[in-house]
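Turn these sequences into a full structure, and let the hints guide you.
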Amino acid sequence: MVKNSDTPSAPTPPPVAASPLPQSPAVAARFAALHARPVILEAEHLTCEFDSERGRVTALRDINVRIHRREIVCVIGPSGCGKSTFARVIAGLQPVSAGQILVDGQPVTAPGPDRGMVFQGYTLFPWLTLAQNVRFGLDMQGRAENTADAEARQWLDLVGLGKFADSFPHQLSGGMKQRVAIARALAAGPKILLMDEPFGALDPNTRAQMQTHLMEIWRNVDITIVFITHDMDEAILLADRILVLKAHPGEVLEFLEVPVPRPRSLAQFNTPEFQATRRHLDALIHPAPSAHDPDHAPLPIIRLTQSGDDVE
Amino acid sequence: MPLLSVRREPPARYRWLLWVLAFSLPLAVWSAVSYVPWLWHPQVVVTDPGSVSWIQPGLRLERADFTKEVATAKSSGLTPPSGNPANPLYLPAPHEVGRALYTAFTTPPRLRGDKWLHESIVISIKTIFYGFILSSIFAIPLGIACGSFPALSRMTEPFVDFVRYMPAPAFGALMVAIFGIHLEPKVAIVFLGTFFTQVLITAGTVRRVDPALVEAAQTLGAKRAHLVRRVILPASLPDLYNDTRILIGCAWTYLVVAEVVGVSSGITFFINQQAKYRNFDNVYAAILIIGFIGLVTDQLLSFIGARLFGWKLTRRSRTRTFLGWLFSPRDVLYFPGKPTT
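Chain order of the listed sequences is P and R. First residue of the first sequence: 1, per my numbering; consecutive thereafter. First residue of the second sequence: 1, per my numbering; consecutive thereafter.
Source of the hints: derived by calculation from the structure; they are not laboratory data. Each residue gets a CB set at the ideal place from its N, CA and C atoms; glycine is no exception. Check before you lean on any hint, since a few could be wrong.
[Claimed, not checked] Label-pair restraints from in silico Cβ distances:
1) P/Arg56 x R/Ala225: 32 to 38 Å
2) R/Asn272 x P/Asp51: 40 to 46 Å
3) P/Asp157 x R/Pro211: 30 to 36 Å
4) P/Asp295 x R/Ile304: 50 to 56 Å
5) P/Asp295 x R/Pro26: 57 to 63 Å
6) P/Asp295 x R/Arg7: 50 to 56 Å
7) R/Phe129 x P/Asp157: 32 to 38 Å
8) P/Ala208 x R/Phe149: 56 to 62 Å
9) R/Phe138 x P/His248: 48 to 54 Å
10) R/Phe129 x P/Ala208: 56 to 62 Å
11) R/Arg7 x P/Gln154: 22 to 28 Å
12) P/Pro263 x R/Ala225: 42 to 48 Å
13) R/Arg7 x P/Asp157: 41 to 47 Å
14) R/Thr253 x P/Asp104: 43 to 49 Å
[Stated by the list, open to error] Residues from chain P that keep clear of chain R, each with C-beta distances beyond 12 Å, as calculated:
15) Arg37
16) Ile40
17) Glu42
18) Thr147
19) Glu254
[Stated by the list, open to error] Calculated from the model, a selection of chain P residues having no Cβ within reach of chain R, i.e. all distances over 12 Å:
20) Pro22
21) His35
22) Thr58
23) Arg66
24) Asn133
25) Leu194
26) Pro249
27) Asn270
28) Phe274
29) Pro294
Shown next as structure tokens:
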């Protein structure tokens, strides 16, 4: 275990500061209720370093977060902020360097069925039918053949793919595959569902549908969701709270309560709460561009066309 | 689209043609060299010795020697010998080899104790079968274990890699000392030649399994034995099957060296024996037969593989496409009333 010398070893700070965005009384009441729920996932001084081809990288540094039961938390931040690492650490796929993750009070040491995960690449088992894919987790728990199969088919029905139960993954579209992946993760009965940019590879239409599906599922299933994304609109649409990380090293910038009332829909995009949250996130993640930043400097291009041959 | 485009498949209608060309072009070159008298033909087969006393009809002479004899005979006013240009005995014409493909099976062995061609082939197939099956029984599980557990791989593979560089035929004398002179040392050499490569190739293939699949299974609660049996094994099976197909070809290579160890046997013995009698057409026929056996085995395995691992959706094999077309139910013709789904 490597203890970072510059990690402040103060006692765990209160996880939530006062929300910087105004909340309506209904939303405030909802957050009060949310905070009263038991903590299901807790990160304590979580630090994660690993060796890459560019030397030692601190992907996450001193992350302290408490997530309550049946919350949707979106993790957002610029690329390289360690948001994927955060999901992998919770899943137990990535060892921590210091600190720990507690799920229901138990420290995480290895992957386990209490933390399901949905990956951006669909990771369905291509040699199994959809029903067999979904019952994989049940089989691992040693469930009886017929009950596992029946349950798998119920989960497929839940994501609207019941009639494809005996198809193979390569016969499905990307959105359908990801629905199966969600059903497969949920069938194993996890307490926490980790989703690592699950809709990143989908076209905008399918993506919007999947977001609606996900909220539908979340309303009906006892599950806490940690959703990694780089899409601010997606985060605002889905999340109760948004964990904003900054890059190099990955540290918590803010743990934001989203003031958009529930139930959510795509129609709320133009509401003042949504837009205020959007502006707030934008300012956090994309600070005012400086002229020295090569990404924002104007292109030093000279005119290569005839004068008068203008396109705008 | 032009036929020759960089990294682009040719149009479908050309593919059959190209396949036919793949075989007919070499055959055309061979035919040209065999049948066009002014191409190569470095020798002359004498038809009429003329007045040169030491020349017999049917004798093969180098062309230079023959022209010298003709010149000498002419200058001394004698009848010059005549003959036809010919290729050396070791390059029979296609039709001769074609005939030998049949007659090699009907020619009785010259010596008592020699084998008929079909007996030789059976012995060869037996040798390769035992050697390859034995190798696979040990190498594939070991390879899967090495590919799944890096610690095992670090413990095993350096030594395997080291032995792999020792040529299997070098163990010939040793194998004869251990196993005697009959089938066993030959099987052992095919085994030695295949086993070590097979371990490394199997381990490599298993290592190429998408790590995301393994991670997904872990988050679903799969532990060590389940991960290997339920994820790594099925995920790598199609590729392992393909590796096996390729390695059978490798085993055939070792067969030929294996069969000269101890008492020479099998198709190699047949080839050596026929070469000794200068029946080169039979030699070519035997080599072609090995090629046919290889091709047929490979196509058969590829056909079976495509059926077993349909989910992998590799390029469909030609045989399968053809057989599929041949045996596909033709609803329109035979079941006119049946709705097509």
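Okay, which hints does this one fail, numbers in order? When the structure is compared with the hints, numbers 2, 6, 7, 8, 11, 14, 24, 25 turn out to be violated.
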